[in-house]
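Can you build the whole structure from these sequences, using the hints too?
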Amino acid sequence: MNGEILRIEKLSKSFGGVTAVRDCTFSVAQGAVLGLIGPNGAGKSTVVDLVSGFGRPDAGQITFAGTPITGKRPDTIARLGLIRTFQTPREWRQLTVLQNVLVARCAFSREALFRTIVRARRIRHDEMADQAKVMEILDRFQLAGLRDVRANDLSGGQKRLLEFARIAAADPRLVILDEPMGGVNPVLGTRIGEAVRHFADEGHTVIVVEHNLPFIERICDEVVVMDTGEVIAQGSFDSLRDNPRVVDAYLGMDQSHE
Amino acid sequence: MMYWISVITESGIFAILALGLDMVWGWCGDFDLAFYGYLALGSYMTMVLTIGKPTPPTEYILGLTLPYPLAIVVADVLVVALAAIIGAVALRNLREIYFAVTTLGAVSALYLVVQVYTPLFDGFNGLFGLINPGQSALNLTYNGYRQFFMVVVLVILAATYLVVQRLSRSPFGRMLRAVREDERAAAAYGRGIFFAKYRAYLFGAALAGLAGGLFAAYISAFNPSAWTPQELLVIYAAILVGGRGNPRGVIVGVFVVYVGFIELTRYLPSPASRPEFAPALRQVLIGLLIILMLRFRPAGIFAERAGQERASREPAPGPVQQAGVGADS
Chain A
39 MNGEILRIEK
49 LSKSFGGVTA
59 VRDCTFSVAQ
69 GAVLGLIGPN
79 GAGKSTVVDL
89 VSGFGRPDAG
99 QITFAGTPIT
109 GKRPDTIARL
119 GLIRTFQTPR
129 EWRQLTVLQN
139 VLVARCAFSR
149 EALFRTIVRA
159 RRIRHDEMAD
169 QAKVMEILDR
179 FQLAGLRDVR
189 ANDLSGGQKR
199 LLEFARIAAA
209 DPRLVILDEP
219 MGGVNPVLGT
229 RIGEAVRHFA
239 DEGHTVIVVE
249 HNLPFIERIC
259 DEVVVMDTGE
269 VIAQGSFDSL
279 RDNPRVVDAY
289 LGMDQSHE
Chain B
13 MMYWISVITE
23 SGIFAILALG
33 LDMVWGWCGD
43 FDLAFYGYLA
53 LGSYMTMVLT
63 IGKPTPPTEY
73 ILGLTLPYPL
83 AIVVADVLVV
93 ALAAIIGAVA
103 LRNLREIYFA
113 VTTLGAVSAL
123 YLVVQVYTPL
133 FDGFNGLFGL
143 INPGQSALNL
153 TYNGYRQFFM
163 VVVLVILAAT
173 YLVVQRLSRS
183 PFGRMLRAVR
193 EDERAAAAYG
203 RGIFFAKYRA
213 YLFGAALAGL
223 AGGLFAAYIS
233 AFNPSAWTPQ
243 ELLVIYAAIL
253 VGGRGNPRGV
263 IVGVFVVYVG
273 FIELTRYLPS
283 PASRPEFAPA
293 LRQVLIGLLI
303 ILMLRFRPAG
313 IFAERAGQER
323 ASREPAPGPV
333 QQAGVGADS
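As they're listed, the protein sequences go chains A and B. The working numbering numbers the first residue of the first sequence as 39 and each following residue consecutively. The working numbering numbers the first residue of the second sequence as 13 and each following residue consecutively.
Please note: incorrect hints may appear among the correct ones.
Simulated restraints on C-beta separations [stated by the list, open to error]: (1) A:Pro-106 x B:Val-101: 52 to 58 Å; (2) A:Gly-194 x B:Arg-196: 16 to 22 Å; (3) A:Ser-52 x B:Asn-105: 20 to 26 Å; (4) A:Arg-159 x B:Leu-76: 39 to 45 Å; (5) B:Leu-276 x A:Asp-164: 33 to 39 Å; (6) A:Gly-241 x B:Val-101: 42 to 48 Å; (7) A:Ala-167 x B:Asn-105: 34 to 40 Å; (8) B:Tyr-279 x A:Asp-191: 56 to 62 Å; (9) A:Arg-153 x B:Leu-152: 48 to 54 Å; (10) A:Ala-158 x B:Asn-155: 36 to 42 Å; (11) A:Ala-150 x B:Pro-81: 40 to 46 Å; (12) A:Ala-167 x B:Thr-153: 41 to 47 Å.
Okay, the calculated bits of chain A under chain B, using three or more residues with CB under 8 Å as the criterion [unchecked claim]: (13) 93-99; (14) 156-169; (15) 242-253.
Hints are computed from structural coordinates only; laboratory data are not their basis. Even for Gly, the Cβ is constructed at its ideal location relative to N, Cα and C.
Given below as structure tokens:
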């Protein structure tokens, strides 16, 4: 662990009169797998949106790898090496599996309009190099046989795997997975868990937003718990098991009804 | 014979426009209604840059006598400048019907200004006098020149096609399709959405302006009756028929719709008392064609090519080894 890669300080965001995130502060260590958990409406997804640039915070600071990224555009943040996923897989439907992963992989300079016209041969050469690397990645996620299938025609589980293949191709420093286990069967769940650990072993940092607590317990080094827009605890999964605020956040409602 | 030369020349010019429009609609997914305005502005500007000073009571701006090819280039720069303004407003946050309405508003405003403000392009009367530029220098007969001009248009169309096809199959074209399919995901993978769409829009508008410059010499006169913004819907029909997102399909679609429909309607019985019958029926037939294509072949004659990667000619390695993975959902 070489220091922290992401630091969030006193982050706040309201929608209309509703405060979604209030004074949220936590940081993520380089190379860690961090779980971000909490009941529905705790503000987890809002934090993900704010960090990845899909929302502007009302107050607070976000620093990624030493660079302040508060309020920056999503594409700017992504280019710094922070890739996020969404709760439902957002594949580029009319593109093939191979193309989906190539887009994630592609160097931005290769998409320059006039360079495309005058340096076509050079670009094609670079593309071929990328393609070899992308085929390895597709192989790892058991998608190699589906390379020329339009992403739209994949099953729900295959779309999840495609998302992971795109991330692997993009090779980000930090990846934020927003509910990667949504609608996933147990066999695939195991594979996704392995994929997350694999990212971490390669030195990537991972933040996982997830409701599936056994999954979080299995793969995360550390957990941040949110409730009603605030961070209520941070620590190892075991240390939080008996934390009364965490127990209350998850079970409080049910108990009061009984 | 001359009739066919005329039809082919006109189709070739519209194919250049359609290639530009398809970059915006086919590749980026934005239904733009301003494009006929870019063709019109390209035509008007080419005219005022070549036909010399107006003789009263005619009035229009500039009235220069630039060489025709140079005039097209200068006119196109102005077209792109206009597209830069319209695109900057319309592409930033507006999508789908909001984008379409904004561009329709822009072209309608342009149409009204050109019609009403006579010092610009002489209003309703329009401009004329760009007759076979370079005919005497080339020492050609009138008919010879028309043939020569058809070849020029087809050569420019071929060059345009090669460039557009190269863009279509490149990482640039692929990125635009990704943006079209899911903007948020494209942004999450580092793509600046506005800038991506904007570049394609300006390039497409440049092709429309080029088509306008050629159109000016083709019809040698230009006035508001030569361009109603609705004309663009025929171009859309052609793209739809040929294959949205596929440059080859777009060109085929334009020739099918223009040659096919001009031919079909030419042989239709048109009662002498009702001269508007044939043109009206042509609109009906184009509507019918769109419906039939959408019903039976929605991707068009040539579908947008899925596997644009070179190596996809290799056979895919066997059918699917995905035990336990594809079974859910």
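Each hint tested on the structure:
1. Between Pro-106 (chain A) and Val-101 (chain B) the beta carbon distance is about 30 Å. The supplied range of 52 to 58 Å is therefore violated.
2. The hinted range of 16 to 22 Å is satisfied by Gly-194 (chain A) and Arg-196 (chain B), whose Cβ atoms lie roughly 19 Å apart.
3. Evaluation of the 20 to 26 Å hint for Ser-52 (chain A) and Asn-105 (chain B) yields a pass: the beta carbon distance comes to about 22 Å.
4. For Arg-159 (chain A) paired with Leu-76 (chain B), a C-beta distance near 40 Å keeps the hint of 39 to 45 Å intact.
5. Here the CB-CB span from Leu-276 (chain B) to Asp-164 (chain A) is close to 48 Å, at odds with the stated 33 to 39 Å.
6. Judged by the Cβ atoms, the range 42 to 48 Å given for Gly-241 (chain A) and Val-101 (chain B) holds: they are separated by roughly 44 Å.
7. One distance hint, 34 to 40 Å for the beta-carbon pair Ala-167 (chain A) and Asn-105 (chain B), holds here, with the actual separation near 37 Å.
8. Here the CB-CB span from Tyr-279 (chain B) to Asp-191 (chain A) is close to 44 Å, at odds with the stated 56 to 62 Å.
9. At roughly 40 Å, the beta carbons of Arg-153 (chain A) and Leu-152 (chain B) sit outside the given window of 48 to 54 Å.
10. Take Ala-158 (chain A) and Asn-155 (chain B): their Cβ atoms lie about 39 Å apart, and the range 36 to 42 Å holds.
11. Here the CB-CB span from Ala-150 (chain A) to Pro-81 (chain B) is close to 27 Å, at odds with the stated 40 to 46 Å.
12. At roughly 56 Å, the beta-carbon separation of Ala-167 (chain A) and Thr-153 (chain B) lies outside the given 41 to 47 Å, and the hint is violated.
13. Coverage of the stretch 93-99 of chain A by chain B is violated in this model, with 0 residues showing a Cβ closer than 8 Å to a Cβ of that chain against a need of three.
14. Interface restraint, the stretch 156-169 of chain A with chain B: holds (6 residues with C-beta to C-beta distance below 8 Å; minimum three).
15. Coverage of a stretch by a chain is defined here by at least three residues with a beta carbon nearer than 8 Å to that chain's beta carbons; for the stretch 242-253 of chain A and chain B the count is 0, and the condition is violated.
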